[in-house]
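Undergrad: Okay, here's what each chain looks like letter by letter:
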Amino acid sequence: MKGTTAFQKFHRNVIVPYSYLIPALVFLLVIVFFPVIISLILSFYSFTGYETNIFNKFVGIKNFKYLFNQRYFWIALKNTLYFVGSMATLQVVIALFLAIIIFLGNFKYSSLIRMIIFAPAVLAPVSVSLAWRKILEQDGVLNQILNISYPWLAKVHLAIWCVVSVNIWQWVGYNLIIFYAGLQGINKELLEAADIDGANWTQKIFRIVIPFLTPIIVLNIILNVIGSFRAFDIIYVLTRGGPAHNSEVFTTLMYYYSFAANGPSKMGVGAAIAFVMFSAIIVFGVVRIRLLQEKRG
Amino acid sequence: MKSARNVSPKRKAKVLSYGIKRQRDFGFYIFSRVVIAVTIIAILFPILYIFSISLRTKETLYQDTLVLIPKAITYQNYVDAFNYAETHLDVSFPEMFRNSIIATAISITIAIVVSAFASFSFSNFKFRGKEIVYTLMIASFAIPVQASLIPLFFIERDLGVMNTYLAIILPYIGFTIPIATLILRSFFEGIPVEIKEAARVDGVSNFQLFLKIMLPLSKPAIATCVILLFLETWNEFLFALIFLQNPRIQTLPVAIAKIAGGKYLVPLGIYGASIMITVIPILIIFVIFQKWFISGVTLGAIKG
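Here the protein sequences line up with chains W and S, keeping their order. Residues in the first sequence are numbered consecutively from 1, following the working numbering. Residues in the second sequence are numbered consecutively from 1, following the working numbering.
Partial chain W-side listing against chain S, Cβ under 10 angstroms, derived: (1) I38; (2) L40; (3) L98; (4) I102; (5) A119; (6) A121; (7) L123; (8) K134; (9) I177; (10) G182; (11) I226; (12) A274.
It should be emphasised that the hints constitute simulated quantities derived from the structure, not laboratory data. All C-beta atoms, glycine included, are put in the ideal place defined by N, C-alpha and C.
Please model the entire structure based on the sequences and the hints provided.
TA: Have a look at this one:
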């Protein structure tokens, strides 16, 4: 543009756009990015949370050494993989299955059915876990139904799977309505044509519906991985990481080391777990971008 | 319709609009009904069971628990739960609701206003670093809150905001800005350019364009944001657990979670009633605004 000074250009191209951006950026920098970076650095320090200067004691990789020597770290790693893995596979499969059944089933009360299945997703995970805690107790209603007396939440290898089941109960409807929204975009003439050609319902599902939904399957998997990786309340309320730390995941283990009243107050170790979690999500992000590029390339 | 297939009208009539044909896929018809019935029961039973417990008298608490409609209905457990909260959880239910409402309302309002400004900038200007800033912003959606938790604890301690509403409002704003910006930006960019150009011709300033034209047009997107952010913040637990040690200002999830603690054995009726006190208001809001909830969550997910 003629007649505009360098300052006017700077004003138009930098000052004006960034002045609208500044409030959001300040919040993000101060509350998300800056603390994340500090957290990565803090994983090389030893501190308990009561010092005024937490950068007093540099310990190198000692926190990580300590952490990797803990049996509970490896249990938490395994449980996190079970938990996140189940959400990325089992829950997505169940939600997809239900969505297709509702879609192809011509239900009279289709929207009511979807609303009911989705309803648990609006509740606080704390309330949901409190309810299930009662139901799964040794003298709880589940055992009454099954006419047995089994301590579901107190079994070393079972507790994490109870958490997985309750989590699926709460969130399957969330995936379901996303799938259903995708299904509404499907070409109905294609399904009618398949009907007329005499295709049975398994053929329709596997040849037409699932290939059509592939991008939404990927979307649901990503959402579930991100969501379940950070899940804390459900495990905290349902099992407290127990019995004897056997249902601990990364988030609850980090809470135990850093903040729990009965914990060891080793905040440096907590920061080391946060470091591991952050790296895992970065790796996940990179893998996801690579897969996207491969698809395009 | 593909007339080349030579479908007789009679045969066509048997075909439902799409999906199953009653005659040939009778198996699927039965199968789908059974699966959905089982699912509905599995979803509803836990909620109805806790509701049923909360309405029982002490005498009938352990009788015929599987019959969800109790013989004698009492509201006593709800009265007891209110008293129990004050004496054992150190915070009453009205206080919990007040705390949750304040924290949620303030953080949602600020997060949406701030995100709207940012989205306006992204959708309306060309500037250096735009896509990098935006990508960073959206990428932070995937960062687990735990990755910032420990430093945030010390920042808040040194700022002296621990045990105030600000202690949770700040992280709620920071962690909900990405999703709100995502939704608002894509909505702003969908507003026809002609509208913006017409405004420019009339000599409207950027800020007036934003305030008088873009925002009023964006009501549906703002409603979507309100719903998504409400679900995030109303139900949030971890920040509230760590940053609100003073019982009097604890939000619903943190305060109510204490009934699971081993400190006291909570009577079953009170336990059930306490859960229902947190669940019933949300279910009522959900039923009233269900269309908004479902479209909001779908939109939020697909835009993400």
